[in-house]
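Protein chains: 2
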Amino acid sequence: MSTKEIPYKIYLEESEMPEAWYNVRADMVNKPAPLLDPATLQPITEDALAQVFCRELAKQELDDTTAYIPIPQPVRDFYRMYRPAPLVRAYCLEKELGTPAHIYYKFEGNNTSGSHKLNSAIAQAYYAKEQGLKGVTTETGAGQWGTALSMASAYLGLDCQVYMVKVSYEQKPFRREVMRTYGATVTPSPSMTTEVGRRINGEFPGTNGSLGCAISEAVEAAANQEGYRYVLGSVLNQVLLHQSIIGLETKAALDKYDITPDIIIGCAGGGSNLGGLISPFVGQKLRGEADMRIIAVEPASCPSLTRGKYVYDFCDTGKVCPLQKMYTLGSGFMPSSSHAGGLRYHGMSSVVSQLYHDGLIEATSVEQTGVFAAAVQFAKVEGILPAPESSHAIRVAIDEALKCKQTGEAKNIVFGLTGTGYFDMYAYQRFNDGQMGDYIPTDEEIAASLAKIPKV
Amino acid sequence: MSTKEIPYKIYLEESEMPEAWYNVRADMVNKPAPLLDPATLQPITEDALAQVFCRELAKQELDDTTAYIPIPQPVRDFYRMYRPAPLVRAYCLEKELGTPAHIYYKFEGNNTSGSHKLNSAIAQAYYAKEQGLKGVTTETGAGQWGTALSMASAYLGLDCQVYMVKVSYEQKPFRREVMRTYGATVTPSPSMTTEVGRRINGEFPGTNGSLGCAISEAVEAAANQEGYRYVLGSVLNQVLLHQSIIGLETKAALDKYDITPDIIIGCAGGGSNLGGLISPFVGQKLRGEADMRIIAVEPASCPSLTRGKYVYDFCDTGKVCPLQKMYTLGSGFMPSSSHAGGLRYHGMSSVVSQLYHDGLIEATSVEQTGVFAAAVQFAKVEGILPAPESSHAIRVAIDEALKCKQTGEAKNIVFGLTGTGYFDMYAYQRFNDGQMGDYIPTDEEIAASLAKIPKV
Chain A
622 MSTKEIPYKI YLEESEMPEA WYNVRADMVN KPAPLLDPAT LQPITEDALA QVFCRELAKQ
682 ELDDTTAYIP IPQPVRDFYR MYRPAPLVRA YCLEKELGTP AHIYYKFEGN NTSGSHKLNS
742 AIAQAYYAKE QGLKGVTTET GAGQWGTALS MASAYLGLDC QVYMVKVSYE QKPFRREVMR
802 TYGATVTPSP SMTTEVGRRI NGEFPGTNGS LGCAISEAVE AAANQEGYRY VLGSVLNQVL
862 LHQSIIGLET KAALDKYDIT PDIIIGCAGG GSNLGGLISP FVGQKLRGEA DMRIIAVEPA
922 SCPSLTRGKY VYDFCDTGKV CPLQKMYTLG SGFMPSSSHA GGLRYHGMSS VVSQLYHDGL
982 IEATSVEQTG VFAAAVQFAK VEGILPAPES SHAIRVAIDE ALKCKQTGEA KNIVFGLTGT
1042 GYFDMYAYQR FNDGQMGDYI PTDEEIAASL AKIPKV
Chain B
622 MSTKEIPYKI YLEESEMPEA WYNVRADMVN KPAPLLDPAT LQPITEDALA QVFCRELAKQ
682 ELDDTTAYIP IPQPVRDFYR MYRPAPLVRA YCLEKELGTP AHIYYKFEGN NTSGSHKLNS
742 AIAQAYYAKE QGLKGVTTET GAGQWGTALS MASAYLGLDC QVYMVKVSYE QKPFRREVMR
802 TYGATVTPSP SMTTEVGRRI NGEFPGTNGS LGCAISEAVE AAANQEGYRY VLGSVLNQVL
862 LHQSIIGLET KAALDKYDIT PDIIIGCAGG GSNLGGLISP FVGQKLRGEA DMRIIAVEPA
922 SCPSLTRGKY VYDFCDTGKV CPLQKMYTLG SGFMPSSSHA GGLRYHGMSS VVSQLYHDGL
982 IEATSVEQTG VFAAAVQFAK VEGILPAPES SHAIRVAIDE ALKCKQTGEA KNIVFGLTGT
1042 GYFDMYAYQR FNDGQMGDYI PTDEEIAASL AKIPKV
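Here the protein sequences line up with chains A and B, keeping their order. Letter by letter, the first sequence follows residues 622 to 1077 in the working numbering. Letter by letter, the second sequence follows residues 622 to 1077 in the working numbering.
Pulled out of the complex, with its shape left as it was, chain A reads as follows (with noise of 0.2 Å):
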């Protein structure tokens, strides 16, 4: 333990700031099992992936074996706009709940997109720069990613077009305009603009869409446009290897103070927050320096790691990205309209998924009720108002700090609070009014979907 006074808020110097990221899967024994062409059915090749994503990145997504990948300068400079990111020590919420635990949660809030997901969106708008192209399409389903993708691509002066589930177009208008503000196209998912939409739609007449369907109609606008690309903000190598600036910030604030972690915990849903803060850490544990509980919390709504199954995949629900082993729900699980947008989604992040399948991980899933009375008792007292999806975080790290408290252990728990809920007061509103129900799908709906998946 510590003998230095930790501050409230441990800010690394820009100096201390990592230089390259970290990719786990150099360092697993179990690699995670390769994507597949959806043509052939075999391991995609790098030519392959390259006609959907862009070169640099197609490369990263296949390479398990270098363990220290460069961040490109103009990469760590925007960086250093919105980093390092605070690793807070959350003296209030430990007085509040009377524990002897020590918790720390490391804040991606402080951006205009409101999360993690602009650590990835200007490296992939990079690269995408950097091979000449036009523009890039995406998805978002709560709107932090079509955000962090709107944001990266006017400061590299790309055009950006944004397919936003419908539900949350709805629900998030503010989210639209801020997209809009950053000069990005916003469409609707399902839309009458793609032949996938057109499909969907006719299919599940009046659908409140997902991300799955959303995956499929920017894939195809991208196939149809000269000089765009695809850019995906969760689920994929290169986005958890992106992301691992967040793991490796936590790690070094730790370092500095000599706080050696007991348990780890994030919110999971494509995988992106959790598998880029766990990566230093899963690093550790797989290299025998160390070891920790880690924790994925997931919701009890849309549960592929605890309920799903680990075997091949579609990512989308049009099928027309390539096949990913991981624990699913099913490319056809229609979650229910909670109001994590971001954890909404059928399949997990195949990293992940190894690293759970092996054992390194643990995950639990929690409902939205106790996720929301944990966000507002984490917000009355610690000053910010969080994201639904990080919430699901801090349900879990309240609920071990409460078992110190019991045990009188001072356990050091560290959790990803990954951005801000500014833009789901709609969804504060029906907690507020009592109005918010939970939702967890029965073994019969579970079962319904996952005899859908394809045998390969």
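Where hints are given, some of them may not hold.
The list cannot tell twin chains apart, which means a pair is met if one copy fits it or any two copies do.
Computed cross-link-like contacts, DSSO-like style, restricted to lysine-lysine with a CA-CA straight-line distance of at most 27 Å [said to hold, decoys possible]: (1) LYS906 - LYS652; (2) LYS716 - LYS755; (3) LYS1024 - LYS750; (4) LYS946 - LYS652.
Simulated from the structure, these hints should not be mistaken for lab results.
Given the structure of chain A, go ahead and fit chain B onto it with the hints provided.
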């Protein structure tokens, strides 16, 4: 000029944070004129003021001789949750403008209230709690102040009742919801719950409300409840005192890198941000230790400094508050429903008014379409979507930096970025859609309003 390399963001260490507020009135040769009791038109006593405000705040309001007033430890602890605020070197904006000027901004938006208002909210709530009060009442225009007070009250366990200018209440339902999340009661003003509200609704049917009305209602509500006091987020001497933390931190950050400011720019509504930012620098000017230009920026739609009169006037529409000598457009002035709600106030802090009257600071007014153009330009390169209020300062900072481009001067320009625009997306939408106009009151309109100011 500094020889050290200047980082993108200058953060003070917690140990370097100010331990006392600076009271610029102590150094002013011409003190601000005293507040007058509305009943007697004589200078108000501390006892009379303490009927409206907390005792300690009444004392601070009248103290024009103590230069440094210690910040209570619990307030300093709260400050450490979201402060120090960074002083940011706007490298990207400089590059975008191609200016030799060095541009710095003090960013106060990294907290859930989204602005500097929290600096005074926690101080005022603390003194209310210390006095054993049950709760506080207040008004809010744009909503930042109401949010800040809700947060501070939740932290200390005080009841918080907010009268929110009706047009903001309707345009910003999510702001209201943040306050409710922090446990506050929010009432649109003018309401039918107070006598003054009913009177104003009767006189101006269908009125959108104004800060002046909402103040009157909040004062009445406090007077009618045992254990309640009224608190105000701007204009008052006590508020500028608390907000001096902005200027003190800014000066400490500049000093750390041997940077001498040539121009300091702040937006000015009631004067809380401007007064706080400039206080230590005005102190230097008053003591003959340094000189620099200081520019107050107000909206052309509500130009109290540039087109108002320097006379005694009421602070509120209902005429229940003490009278103050200030630059004013008349307490009956109804500004157009511009999108910078935080600047729609008919008067100006008496400290700022006196400094302007004595030629220690300049003032200028800008139109809102130009302000939003500056906001979007800034957002795209600096990554922060600014509040409309703050963007008034950005407009003038950009204009001054462009003048430097003409003259080739590498001036140090410092401006206050008071907050973020995440709850102002309706305004951005109007701007993005080309539907935003400018409104400048005619000479006749202003003359008519000025004519109604009482002779004291």
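Verification of the supplied hints:
no. : hint             : result
1   : LYS906 - LYS652  : within (15 Å within a copy, 65 Å between copies)
2   : LYS716 - LYS755  : between (52 Å within a copy, 22 Å between copies)
3   : LYS1024 - LYS750 : neither (49 Å within a copy, 32 Å between copies)
4   : LYS946 - LYS652  : within (11 Å within a copy, 73 Å between copies)
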